[in-house]
Amino acid sequence: MIASQIQQEEALLWERLKAGDTVAFGEISLRYYRLLFDYGRKFTKDRELIKDVIQDVLLLIWQKKGQIDSNENVKLYLLKIVRNRLFKELQKQQLRASEDYFEQLELADSEEAVIISTESTQSIIAKLNLHLKALPKRQQEVLFLKFYQDLTNDEIAEVMHINRQSVANLLHNGLRLLKARFFLTTLGFLLITWNG
Amino acid sequence: MIDYSKFKVEDFVTDESFCLWVKGTSPEHTAFWEFWMEVHPEKSETITQARLLLLGLKNQPTAINEDEISLEVEKIVRLVEKSSPFKAQFRLPFWSRIAAVVVLGAGLGWWLWSRNPISISGLKRSEIATPMAESTRVEVSNNTHSDYTATLPDGSTVQLTKGSKVSFSEKFSGDKREVFLTGEGFFQVVRNPNKPFYVYANDLVTRVLGTSFTIKTYTDEQKVVVAVKTGKVMVFSLSELKKSEKIANYHLQSLYLLPNQQATFERQNEKFNKALVEQPAIVTQPVETPNFTFENTPIAEVFAKLKKAYGVNISYDADLMKNCSVTAPLGNESLFVKLDIICKTIGAHYEIVETEIVISSRGCP
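Chains A and B are the protein sequences, given in the same order.
Using the numbering used here, the final residue of the first sequence is 197, and nothing's skipped along the way.
Using the numbering used here, the final residue of the second sequence is 502, and nothing's skipped along the way.
Okay, chain A solo, but in the shape it has when bound (with noise of 0.2 Å):
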């Protein structure tokens, strides 16, 4: 019922956006943009590039919004362009830059995800993190639109340019792998608290 809710509110939005109402249009951008950003993050630690590639597809939006149609699935739709922008604006940027440019990328995300805190869960969660970051970027990436933006496989496939069996198991080797590195490591970090 909660999220029929929120769907209709949303259509609603749409509509005033089709409209021309720059208020919907930011109230739009505003509820995509971190799932935008963070699904960036994934290929980039360049925010501020991320940040250019958001704002133009929320541009293109706006001047396509007479085209838009309220029941195609939008999430979907700007996942997808975020993702064929960000890999020509990298490819570009590849040819320019360094081979290594992956490893970097994964050294300043572990860094980055290394948080301090007393309360277990969420050094558990951290911890889990610090593992999945470590995971090859496809598994992390399917791994992300499952869990974190909720899509299908399905909808993975269409995102990812790829079919509904890759997915499949891309989401089971990752799980596989993170679920084996997870758990013995924190298996071992019990053990040696409890010894020590």
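Derived by calculation from the structure, the hints in this document are not laboratory data.
Don't be surprised by glycine CBs; every beta carbon is placed ideally from N, CA and C.
All the pointers check out, no bait thrown in.
The list that follows gives simulated cross-link-like pairs (lysine to aspartate or glutamate, DMTMM-like), each with its CA atoms no further than 25 Å apart:
1. B:160 / B:175
2. A:134 / A:159
3. A:76 / B:205
4. B:313 / A:47
5. A:19 / B:211
Not the full set, but computed from the structure, chain B residues with beta-carbon under 8 Å of chain A:
6. 192
7. 198
8. 214
9. 216
Following the hints, put chain B in place on chain A, whose structure we already have.
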């Protein structure tokens, strides 16, 4: 009916019903899983792990905070609203990085305070602005009837009054950020210690030393007014700047402005007048930026500050140097430039011995 008894951790994590149970919003699923757990105690560890994993996956950290989002969105909406009558389509600054805000004084009613320009030596020439010679220039002029805020390539902003304009290089490449102002502009400068921010207004050059500053300039009149609310600002004339570029070790005649101070520059005789602004405001110093403004500061205090800020050990003969004091408006120069300046003012020398800085001095009168 799915047979969950053969499920592994990863299978649970991707199971819709299981996810709904962990989410806790569906009484129906909660009831089912609680019952299932009773029947399958052997799976309790698997379930616990799956729950943890799912929680972690759902709570992947976000890399952007609310403020940043709303500012970005605000910027985008503004672009849409205005359909950009100006060329400056830059991003909105990340406001939390801006340590302070600068406000323009009215220029009227201020009183003369000091006519003595402060001399600063030891600044490396590369730290002083050179006139711009970059290819891609952006000019923003406000032809509207109200104020317009232009965003600069680094996220800093200039609020231009009507009829005012600024020009700058498209990307702020190089080791400084240089802006040319005609008219009146209210600057909010994003802190970047590695790239000092310069404003050229007529024959006056304003250099931002600290995190933020304030400027006001009059174009037609024979004077320029620079007023500071917070932050540290250095002003000097263009001719002084040019001299300093030609002559090595030239002592640049400049004026140093602190919060609530303003300077009026008379173009004809190139004189500065320093005054308090009309309405002095309470100054809040940005926490993270140490203040390196020394006015008759005992040397022990000066060194203590540097020591704390840079985390280096400075050894000196405190007894011998007890009469030494320093007056120098230092900002975001490097530690060694600071030491150069300090040593010069008290006639001392320094050398680096391993990780320590050793000061030699004959004391001060």
